[in-house]
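In the numbering used here, the protein residues as written are 3 to 323.
No lab work stands behind these hints, which were simulated from the structure alone.
In this text, all values refer to a predicted model and were calculated from it rather than measured experimentally.
One thing to keep in mind: the hints can contain errors.
Claimed, not checked - Ranges between beta-carbon positions, derived for each pair:
id : residue 1 : residue 2 : range
1  : Glu70     : Asp39     : 25 to 33 Å
2  : Arg247    : Pro167    : 24 to 32 Å
3  : Asp297    : Thr137    : 44 to 52 Å
4  : Arg247    : Gly149    : 21 to 29 Å
5  : Gly139    : Ala197    : 25 to 33 Å
6  : Asp284    : Asn188    : 16 to 24 Å
7  : Asn188    : Arg86     : 46 to 54 Å
8  : Arg192    : Lys91     : 44 to 52 Å
Claimed, not checked - No more than 30 Å apart at the CA atoms, straight line, and that leaves these computed lysine-lysine pairs for BS3-like:
id : residue 1 : residue 2
9  : Lys313    : Lys49
10 : Lys91     : Lys245
11 : Lys194    : Lys82
12 : Lys43     : Lys79
13 : Lys243    : Lys194
14 : Lys91     : Lys43
15 : Lys40     : Lys121
16 : Lys79     : Lys194
17 : Lys79     : Lys121
18 : Lys194    : Lys43
19 : Lys49     : Lys79
20 : Lys231    : Lys91
21 : Lys121    : Lys245
22 : Lys91     : Lys121
23 : Lys245    : Lys79
24 : Lys245    : Lys231
25 : Lys91     : Lys194
26 : Lys40     : Lys245
27 : Lys33     : Lys43
28 : Lys231    : Lys49
29 : Lys121    : Lys194
30 : Lys43     : Lys82
31 : Lys79     : Lys33
Positions of the beta carbon are idealized from the N, C-alpha and C atoms, including for glycine.
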Amino acid sequence: MAIGYSPMTLASFAESLNGNLTELQRDIFDKGMREYDKVAKMSPYRKWVDERQAIQGLTPPRNSRDLEAIPQVAPVKGYKTVIRQQNFKHGITVEETMIRNAMHREVLDNVADGIESIKTLKDAYTIDFFNNGFTDGLSTNIVEFDGTARAPFSTGHYYENGVNPWTNYYNVGVPPTPETVFLIINNLRRLKDFAGNFINVGDEFTIYTPTLNSAYGMAAAEIVQSMDKPTTADRSTNIVKNKFRLNHVELNNLTSSTKWFVGIPTSSRSYPLIMLESQAQDVSPLAAVGPTNPDVYMMRFRTQFGVGWDKSYRGIYAVGA
């Protein structure tokens, strides 16, 4: 993830302390809306590593006569998830002279910029799970029944009982259309649990499109908002809009302009991508570094969180070539 900036240098200090400058101006832009909580379930956490595994209930009864032994069936175990907390820090160092002359306040809006950069980091880090969701063998991928750490969006997933391969990837380069969205929702509704029972995924779904492709965003917005199908001559009914509760989210951090996604709400119990947040944001006050050099002051920014697929990839479907 290519996010980072060069550390402050002596040249930066010199520019701030240049008494010949009439004015020091900091450009302030409106901040973008955060995206990470649109694609990940948020949960507080207080351990370095979270290991979780589910156990499914019994499979359906088997055919058996009364005089035969009762069939004993072991519950099916789910795939294991390991989410490690990552510790992120950055800091700002200033000279005591800058503080005495109040120059650092004009150059560095420390707290606002620090918190904004934490939000930007979480956006990129979390949505990279979508961007990298087509690559097999990643350490963050779930190891499935056959021992393969398969890509999150794959046409060859295995259920935990080792049968009935399933897919959550429609490998076709098509923009959002009512027909495609209905197809994807229908496939989501046909997903099964560990023991082969159909899962109730509800009737609320979110379409995620990249801002890199405005045509995809416009098409998804029309599906979500139009009561009829504006692309048809007879203005036929938009069945998807009338049958399901639909939302549309455009994401700046999606790196592909040809892929889009459909998912169940992040609040759903079975939503697969989760952020375990140990420390949302921590900002230390500007203080002297120590007795070695009392003229050097530092401010530290810190966040601690882990993101991962929670036992399964069920609940999010990808479309695109």
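Practice task
Taking the numbered hints from earlier one at a time, note which ones the structure violates and give those numbers from smallest to largest.
Solution key: 1, 4, 6, 7, 10, 17, 20, 21, 23, 25, 28, 29 and 31
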